[in-house]
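**Student:** Top line first, the protein sequences correspond to chains A and B.
Just so we're aligned, residue 0 is where the first sequence starts under numbering that gives the first Met the number 0, counting upward by one.
Just so we're aligned, residue 0 is where the second sequence starts under numbering that gives the first Met the number 0, counting upward by one.
A few of these clues could be false.
[As the list claims (entries may be wrong)] The calculated DSS-like cross-link candidates involving lysine-lysine, where the alpha carbons are at most 27 Å apart (straight line), are: (1) B:Lys278 to B:Lys296; (2) A:Lys145 to B:Lys68; (3) A:Lys48 to B:Lys149; (4) B:Lys296 to B:Lys145; (5) B:Lys68 to A:Lys102; (6) B:Lys68 to A:Lys91; (7) B:Lys278 to A:Lys48; (8) B:Lys296 to A:Lys145; (9) A:Lys100 to B:Lys278; (10) A:Lys51 to B:Lys296; (11) A:Lys145 to B:Lys219; (12) B:Lys145 to A:Lys146; (13) B:Lys285 to A:Lys51; (14) B:Lys296 to B:Lys285; (15) B:Lys278 to A:Lys146; (16) A:Lys146 to B:Lys135; (17) A:Lys91 to B:Lys296; (18) A:Lys48 to B:Lys219; (19) A:Lys34 to B:Lys278; (20) B:Lys296 to B:Lys193; (21) A:Lys102 to B:Lys296; (22) A:Lys91 to A:Lys59; (23) A:Lys59 to A:Lys48; (24) A:Lys146 to B:Lys219; (25) A:Lys145 to B:Lys78; (26) A:Lys91 to B:Lys278; (27) A:Lys105 to B:Lys278; (28) A:Lys91 to A:Lys51; (29) B:Lys78 to B:Lys278; (30) B:Lys135 to B:Lys149; (31) B:Lys135 to B:Lys145; (32) A:Lys70 to A:Lys100; (33) B:Lys78 to A:Lys146; (34) B:Lys296 to B:Lys219; (35) B:Lys278 to A:Lys145.
[What the hints assert, rightly or not] Quick list of the computed label-pair ranges, beta carbon to beta carbon: (36) A:Val141 to B:Val300: 49 to 59 Å; (37) A:Lys59 to B:Thr133: 47 to 57 Å; (38) A:Glu50 to B:Val300: 34 to 44 Å; (39) B:Thr133 to A:Asp23: 51 to 61 Å; (40) B:Gln67 to A:Met96: 25 to 35 Å.
These are calculated hints, taken from the structure and not from any lab test.
On a predicted model such as this, the values are computed, not experimentally measured, just so you know.
The beta-carbon is built from N, C-alpha and C at its ideal position, and this holds for glycine as well.
Now for the letters of each chain:
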Amino acid sequence: MKFRTLAAAAVLAAIGAGAVIAADEPQVVRQGMMKSVGGAMGALAGIAKGEKPYDAEIVKASLTTISEVGKAFPDQFPAGSETGHETEASPKIWEAMDDFKAKSLKLGTDADTVLASMPADQAGVGAALGTIGPNCGGCHEVYRVKK
Amino acid sequence: MALKKLLGGIVVLGALGAGAFVFLTAPERLPAETWAAAGEPDLANGERIFHAGGCSSCHAAPGAADDQKLVLAGGLALKSPFGTFHAPNISPDETAGIGAWTLSEFGDAMKRGTGRDGEHLYPSFPYASYARMTVKDINDLYGYLKTLPKSTNVAPGHELPFPFNIRLALGGWKFLYLNEAPRVELANADETVKRGQYLVEGPGHCGECHTPRDMLGGLKTDQWLAGGPNPEGEGRVPNITPAEGGFGSWSAGDIANYLETGFTPDFDSVGGAMVSVQKNMAQLPKEDRDAIAAYLKAIPVR
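This is chain A alone, in the form it adopts within the complex (with noise of 0.2 Å):
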């Protein structure tokens, strides 16, 4: 019974040790920071077409992960990390990052300058997205192989 009990709990150890390895990996963070992006994009999406009501508060935090995010992002691309978890990310990222890192961080400064004269309305948010919008697949196009 003990045994048994130690046996599980040794299992449960080794796979929560596992996912944390696992959420380690730079390919899941820039995954997982992707995401985000996507969501807060869905957010400001969502009351851009009316389809949710303006809430300065989400308009705010969904700014502010897209800001935090194309800054942090291009950090996530050490030696090592080309490839793996199904990662989409394309080897011309390390053949220019440079490049790379500076459409990232347009991104994050991007969202800044929205936020510093904070979208007060549903079309403010609509003209928030169009300057945010087009960083999404300019950097995409280059850098991201789709499979």
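Please build the complex by placing chain B on the supplied structure of chain A, with the hints as guidance.
**Tutor:** Positioned in the frame of chain A, the structure of chain B alone reads:
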């Protein structure tokens, strides 16, 4: 003696058979009266069809941006299991492009895959889709193409190994795969769905990538828009039938929005070869994107 006669008979029969094949599958031209009533082209509609067809995605110089996409100089390399095709110059230049072609010559290329010199064109030029286009749209499109800038670029020839370099064999391909029949029969389709069907199955030629192909490169039409391996590299072209757990979770509004903005419902951005397709679709009137979305929700799940 008997053997000789027999052999001779086989040779004669073989020659007759080959002759019959060439005769029966000769490049076809549409009757002149097809185009007689076409009249003055509607250039605005021609531009609309130009974007629906995505002509510039293959015929503009690779990497061309903005205004340069209207210079249809050719040169894009299309890799396939049969070899590499190079899109030709279709700018209105009289020698390097198609500026000297008549409407019927252009129409025969679009609807029958027949070149100006009476040769079979390769189906990398998606005439097996364009065959469904109306005479009016082809006339309007040709009128619009004539307004675009000329280019003197001469694109490289196709790089195809034997036996794919034999154009005569394409007659057999057309016999099997070239027709104007609808890809799917949709009962009770309203005008919007019908418009979507026309755009997707005809000028939009969506099935050329989104439908899997058989060993001879013909579309497996029973797998219409079911997706398949990416002919140009790794990954897969997605299934865009309304399949549960897949594309079926997209609403018609999601599809139309994706074609307009390039964002999926969870705000991933459009990728791969679809990037240029989406940019073209964004140029269409909203009603056309809505029609495409309505059609994609109406087709059978594969």
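**Student:** Please name the hints from earlier in the document that this structure breaks, with their numbers sorted from lowest to highest.
**Tutor:** Hints 3, 4, 12, 16, 17, 18, 21, 22, 28, 36, 38 are the ones this structure does not satisfy, whereas the remaining hints hold.
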